[in-house]
Amino acid sequence: SQTIHQWPATLVQPVGSPLSLECTVEGTSNPNLYWYRQAAGRGLQLLFYSVGIGQISSEVPQNLSASRPQDRQFILSSKKLLLSDSGFYLCAWKQSSYEQYFGPGTRLTVT
Amino acid sequence: GDSVTQMEGPVTLSEEAFLTINCTYTATGYPSLFWYVQYPGEGLQLLLKATKADDKGSNKGFEATYRKETTSFHLEKGSVQVSDSAVYFCALSDLGTSGSARQLTFGSGTQLTVLP
Numbered sequence: 008s009q010t011i012h013q014w015p016a017t018l019v020q021p022v023g024s025p026l027s028l029e030c031t032v033e034g035t036s037n038p039n040l041y042w043y044r045q046a047a048g049r050g051l052q053l054l055f056y057s058v059g060i061g062q063i064s065s066e067v068p069q070n071l072s073a074s075r076p077q078d079r080q081f082i083l084s085s086k087k088l089l090l091s092d093s094g095f096y097l098c099a100w101k102q103s104s105y106e107q108y109f110g111p112g113t114r115l116t117v118t
Numbered sequence: 456g457d458s459v460t461q462m463e464g465p466v467t468l469s470e471e472a473f474l475t476i477n478c479t480y481t482a483t484g485y486p487s488l489f490w491y492v493q494y495p496g497e498g499l500q501l502l503l504k505a506t507k508a509d510d511k512g513s514n515k516g517f518e519a520t521y522r523k524e525t526t527s528f529h530l531e532k533g534s535v536q537v538s539d540s541a542v543y544f545c546a547l548s549d550l551g552t553s554g555s556a557r558q559l560t561f562g563s564g565t566q567l568t569v570l571p
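The listed protein sequences derive, respectively, from chains F and P. Numbered according to my numbering, the first sequence spans residues 8 to 118. Numbered according to my numbering, the second sequence spans residues 456 to 571.
Bound-form chain F, shown alone:
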């Protein structure tokens, strides 16, 4: 069966520091991968998606970036965090069906 992992689970970082969040999927190959952000008390905002290694599409211009160095690995990065980057970051994957499956999320607090 397929599983999706995210780490770290929680992170507290100062403004201006770098960020690296990792997402890995097991039990499937060549999935579509997605990064979402959920601000406190709000819905989900799609940040990036990827249909293959090295292929990244950005939905919202910002100081975040994403990379897909391996088929089942998706990384969210920033060179300098802003206060507004705080939130709950969710990774998701999709295969041939229509639905997406989500990871457990990373709670990021920028101080």
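Note that these hints are calculated values from the structure, not bench results. The model shown is predicted, which means the values in this text are computed figures rather than measured ones. Hints may be right or wrong, so weigh each one.
Chain F regions said to be covered by chain P (calculated; three or more residues, Cβ under 8 angstroms) [said to hold, decoys possible]: (1) 46 to 56; (2) 100 to 112.
Now the in silico label distances, taken between C-beta atoms and shown as ranges [said to hold, decoys possible]: (3) P/470 to F/72: 44 to 54 angstroms; (4) F/19 to P/485: 42 to 52 angstroms; (5) F/72 to P/471: 47 to 57 angstroms.
Cβ atoms here follow ideal geometry from the backbone N, Cα and C, with glycine treated the same way.
The hints should help you fit chain P onto chain F, whose structure is shown.
The following block gives chain P in isolation, referenced to the frame of chain F:
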């Protein structure tokens, strides 16, 4: 573009009460429709889905019927439990401009609290 509108929360019910969370959508094509549930501090879990008109998705006592004529996908449960307390998201998946990526468009979420 595509959009999903959910009823505003929060919704507070007593245990064993009947639940309805309204969801309507606009889409250019023929979308698939989903309900996701998010328990506190966790990621989203797929609750149920429907891929064509008149389909009924069901899971864990929850049901939703894909109504193309009213562009709706309302979530219902006959008797809620305290353990159903969570945030519920309605979503649709359409081809849009992303082709095979088939992005999900989410509603804003509805917070449900069930009191014992």
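Against the structure, the hints come out as follows:
With 5 residues bearing a CB less than 8 angstroms from a CB of chain P, the region 46 to 56 of chain F meets the requirement of three and the coverage assertion stands. Counting residues of the region 100 to 112 of chain F whose CB lies closer than 8 angstroms to any CB of chain P gives 9, so the stated coverage by that chain holds, three being the minimum. Checking the proposed 44 to 54 angstroms range against residue 470 of chain P and residue 72 of chain F shows it holds: the Cβ atoms sit about 46 angstroms from each other. A beta carbon spacing of about 44 angstroms between residue 19 of chain F and residue 485 of chain P agrees with the range 42 to 52 angstroms that was offered as a hint.
For residue 72 of chain F and residue 471 of chain P, the Cβ-Cβ distance of about 49 angstroms falls inside the hinted range of 47 to 57 angstroms, so the restraint holds.
Checked against the numbered hints listed earlier, the structure breaks none of them; every hint is satisfied.
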